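Let the sequences and hints guide you as you build the complete structure.
Chains as they are written, first to last, in this note's numbering: chain D, 25 to 718; chain P, 19 to 320; chain E, -9 to 315.
Don't take each hint at face value.
Straight line, CA to CA, 20 Å or less: simulated SDA-like cross-link-like pairs of lysine to any residue [claimed, not checked]:
id, chain 1, residue 1, chain 2, residue 2
1, P, Lys148, E, Thr273
2, P, Lys40, E, Asp263
3, D, Lys633, E, Asp263
4, D, Lys173, D, Lys190
No lab work stands behind these hints, which were simulated from the structure alone. Because the structure is a prediction, the values reported are computed rather than measured.
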Amino acid sequence: MEDSEHFGVWLGRQLRRVGMTQAQFAEELDLTRAAVSAWVTGRAQPKPTLMPRIAQLLGTDLATVVTRDTDAGSARPVTWHHRLAHADGGREYGNAAAFAFDANLAVLAREATQNSMDERYDIARPVRVRFTLHELTGEHLNRFLTALKWNELEPHYDVAARSRQKVGRVLAEGLRLLREESSLLLLRVDDYNASGLTGPEYGDGRFAAVVRRQLDSHKRDDRAGGSYGLGKATLWAASRLGLVLINSTLSESHEGRTARRVVGRLDLPWRTVDGVAYAGPAWLGEPDTEKEHEGVSRSWWADERTAADLWLERDSDDPGTSFLIVGAHDAAGHSSTLKETYDALVEALADNFWAAMTAGRSTPAVLEASVRAMKDGVTVVEERRVDPTERHPALTRALRSHLDGETVAELTAADQVVATDVVLDIPALRAAGRGSGVREHRAVLLVTPADDADTEHSRIVCMRGTRMTVTTRRPRNLGLGVDPFQAVLLAGFATGNDDESVRAAEAFLRAAEPPEHDRWGTTDELTATYLNAPRRLTEFNAAVDAALRAVVGRRSTRPTGDGPEILRGLLRLDLPSAGSRRVEGYPVVDRVSGRVDASGSWTLDVTLKVPQRDDSWQLVPVAKFDVRSGSRPALRWAELTANENCRVLDGRIVVDPEVRSARFSGTTAVDSHPVPASLAGVVVDIRQAQEVPA
Amino acid sequence: MNRSGADVPDRLALLPSAVASKYLTNAVRSGHERLPQVAILRAAGSIEDGSARWSTGPLKEILDEAMSRFADARTEADAWLAPRLHATLRMTRAEAARPELWNFLALAVAPDYVLWRHLATGEAKDGTAKKVNTPRFAGPQDSQAFARLWWAAEMFRDGPDYRPVEVACGNQDMLNTVLRLDTIDHKPTALAMVRVLEGMVRSGATRLGDRVNALCTAVNSAGSTLLYDVLAPDELPDQEALFAWIDDAEGAPPVPWDRLPDGPEDGTARRASVDRLTLMFQELADGAPLRDRSRKRAADSA
Amino acid sequence: MSTVYPYPTLAGRVDITVRQAGIDGKALPFSLISPREQVVALHLAGRDDWEEATLELEVGLPNDELADGPWASVACVAVLTEGATNSRTVARLERRRDDTRWRGEIRLRRSMYVARAVLQVSVVGSYDGIDGRVIGTGDVPWVVDLLARTAVRQRDIEIVEEDFRDGPQEWLRPFKEAPWLVETSGELPTVLLNTSFEGLGALLNGARGPLEKAAAGLVATQIAGDAWTAMFHSAVGDLEVDDDGAPQVPDGWKEPVLRAMLPDVFPGLPLADALAEIHSRRTEGHGWAELQSRIQFAASRRAQAPKNLTTALRAVSRPQEGAAR
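Set out below in structure tokens:
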């Protein structure tokens, strides 16, 4: 077992765990203390014949001593450790990093998923991310709180919730929901095929970066968008209770093990409980046995049962991490019901990661994401893969065509994608001096007609790295009357290429991004690192606009029929006429309904809209058959009946004075029908009766 | 009313409507003044294509023959002339859709025919001279003296067979009413209407004009709810055959006078489709009320 | 005016889209297809010898309503028509089992169409024993423009700058002295501006300063006034009349012209009544002369005469301003 922990390190921990000194252990084995010390420090190994006795002394079996993939003896009690207040009396009122972000689930989905993508393990497979909304009530809630050791936390929450800071109000609402409504919303974020939280408990590594150091950005390589950087704070910000539990399956073993590295972290403001002052954070874990960290709760290798009780069990051995946000809420968002929250997550994933989720025929997607919802352990909304083509059909089509090499040079169909190169001149590094040359990177601009259902369109989505959207901007100088389109700019690694110029472009553009990674502009880092950087960026943007214009812009201005603007404005046919907006000064037909009766007559029910006046209106109703083209045959009335606000006189409708509407019905004379009524549509019009000279 | 003789241009050209309408004075339309031939020729644009079909000679020939044949019954000239005009002036619909062409034919080539065919005899009630309506010279294709005949032939021919054209143009009510209706853009509909008309003529029906109008109104009304194209499917004409026929104009002899010429072999309408619509239109015609002319006159004078 | 049908019709939306177009087998650049304006422009610079265009169509129908509705043998057809050529082409569209849209293609023969064809979709079904009933049509038809180089739904009046004296249009020679001419007999009304009339183009296209702008405004008003008057007369010129003597609202550009002007010619009369009135006065002659001042008033309103005249009067009353600079 190449992965197994060194015997000495393992033995040292076992001795601390069982509370035995090296001297006592040596005595039991009839050896000198120096011999045991030599094992623990790794200078020597015990003879194989001693192993059974060592196992017996540590209360375990021979196999464990040999493989060392687990700790010996019974588990140490899992407990909460609250950090004591700083000796200098400094106080913190909450995790500063957590408050840098809006506690918005869309942001959480974006940051958490981006982290998972940055930690993708096997780059031949997508990283799989699953969001689970889980509402706990009643007995399920109690069981979870027991597993969480809520009784150890409650006094701390009670005190912290009394704080007048914003965090106090959020906590108070969380406690209220828990106590009065007996309801707790869990949001679990799982990733698979990711690195997992590897590395030591306190030193450099992914684990410590997430669990111990809130402002640390543990960057793995130059592709990462800021791995486990500030983004991880959104996990805590999304919890009303500032509480997140973690279960990680490691991609490389730690302490000889990979499965179920579990830890919990709580962020509360400074507080005094039972006369003791505590600083912000607390951790759930085993009390550490190492001198340096004695009593601090550290991650432990949980058994399956414990993981299940904490709703932390994972589907498979595929490495990755599960974060369980306890008391999840969408403070800055608008979701309140489970379904709304579910939809908000699906939308956020589709909007931010449609590109990463897009696969080509021979290119796997970078990401697969899904969302499900449960209540008390029962699924209420089935797990569903987020399909990028549903919300962003045109954008997805653009990228897929690129991946499959099916882009065209000129659009001839609505579902085609044009690809065109845009050159980015990467300026020389200041460090390299003026003499060094400008390097040329060929970014790719994809353009396709927008889909009918697209709500956002006619913008340029700019991406780099793992096809993360850095910014979405409006193009300039496109001219008027351009049909809605979608455009994607792929720069750096997002092009799918990897060479010197691609890496240089990636570095240049990353330097042009502020910490939020949401635009390309002049930053201190950029100007400090590169010569002439702002100008190159401006040129790049202009080149993108020009390339876009060449694809979607109108081929030519209208060659004829244009004429002087000053005259054209006076000769528009499509302007609403002056009279169209004013209220009509005459009666109009408002509504007609009707049916053909057994005798073949049309019986029509007509509602008129009438301007109010003191005199009555005298109107002649006319029914005609509709025709394909040309003149409409008029029908005769067999009967006219007044229904509301009018009377019938001599084939006319006389509308009562001062009314605003009138209703009458009419039956057509069958012998005036040029075709059977069942074969023609009918229209009704009214005309004002000519004044009959007395 | 002198026949213009020697100064008729050899080839057809295109005369803009704006120009045409400016020369169509009352004096011209009543036949008292000649059109300014030179000014009209100058204002006209030539047709680039040098094909023989744009020669005016064959056209003049059939127009002169029509005037002599039907000197006593001018309206009957339509049925004779329509197929022969169509077979002489061979062109696509796109080409025939140019009003400038018809303007030129009426104003520069054969104003005498327009006057002969459309000038009412006698004097108007108010004592002024009778005159031909402007649209007979320059106007919509269902009114213009030559366009109406060419289009009638185009709409009612069954492939190369001009017989339905003869029937349709033999009835002025049919020609005047039906040519304005969009429904005849569907060939089986047009042919079925002709068949119903033919039946009426054969049975010697009374009030033929009223019956034709009633038929047209019925087909047009039912066309607001029925898509005849679906009830009676048709196919696109054979464009190649049409082009071949047009190209044949170079060497084709003048059209026969006593028997019908042959049109383009671009495909006839489906028999079953025409049959189905004929049956249906016959039924509509039988059930349609004839217009009460006394009522119409009352409405007009109101 | 809405039509009442003697059988149930579709309430849901019917829309048609041109997904792709080709000319003689060669794909048309998509920039010549505008889904927003619903226009296909078929004019290809340098290519006038094509014979057939093919349009690939996609139609969205309220499929659920159709499935639950009372109609049998439902079919969806695309209909291409053009008034000038009396041409009509019909193509059946099909829906595949796993598809929500109806698809098919329609062929436009160059010999059959000349300028602007209209593409519409009809849904047909059987109801109550009668086949082939139209139960729905598309909301907005497409325009297939054989002459346009750009996919723009042209709604404006054409304004053409032309040399009346030495230009290629022979028929304009007699009008060489005229600064402009209005032509209403074509498909679209056209205002012809005479480029051989010195200074006119410069004034209209590039007036600078308040005085010049005021003059340009006045000239534009004058031209527009002429154009609206000519269009009005042309629009009421040959109205089609229904059986009962009621004139129909004409189609094409004439409809918006009448809708814009008739309320000013006959204030207080509904469109149909105003149309009947103008038709009877024109055909019977009585009151036609009296109407001319009303028509002139309506045209000057469209041409914004009061506004442009006021601007001009104010500009000339402040002549020093221009001189001081």
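Structure-based check of each hint:
1. Only pairs whose Cα atoms come within 20 Å are accepted, and Lys148 (chain P) paired with Thr273 (chain E) is accepted, the gap being roughly 16 Å.
2. With a CA separation close to 32 Å, the supplied pair Lys40 (chain P) and Asp263 (chain E) exceeds the 20 Å bound.
3. Simply put, Lys633 (chain D) and Asp263 (chain E) have alpha-carbon atoms about 16 Å apart, close enough for the 20 Å limit, and the pair holds.
4. A hinted pair counts as satisfied when its Cα atoms are at most 20 Å apart, and Lys173 (chain D) with Lys190 (chain D) does not qualify at roughly 26 Å.
Taken one by one, the earlier hints fail for this structure at numbers 2 and 4, listed in ascending order.
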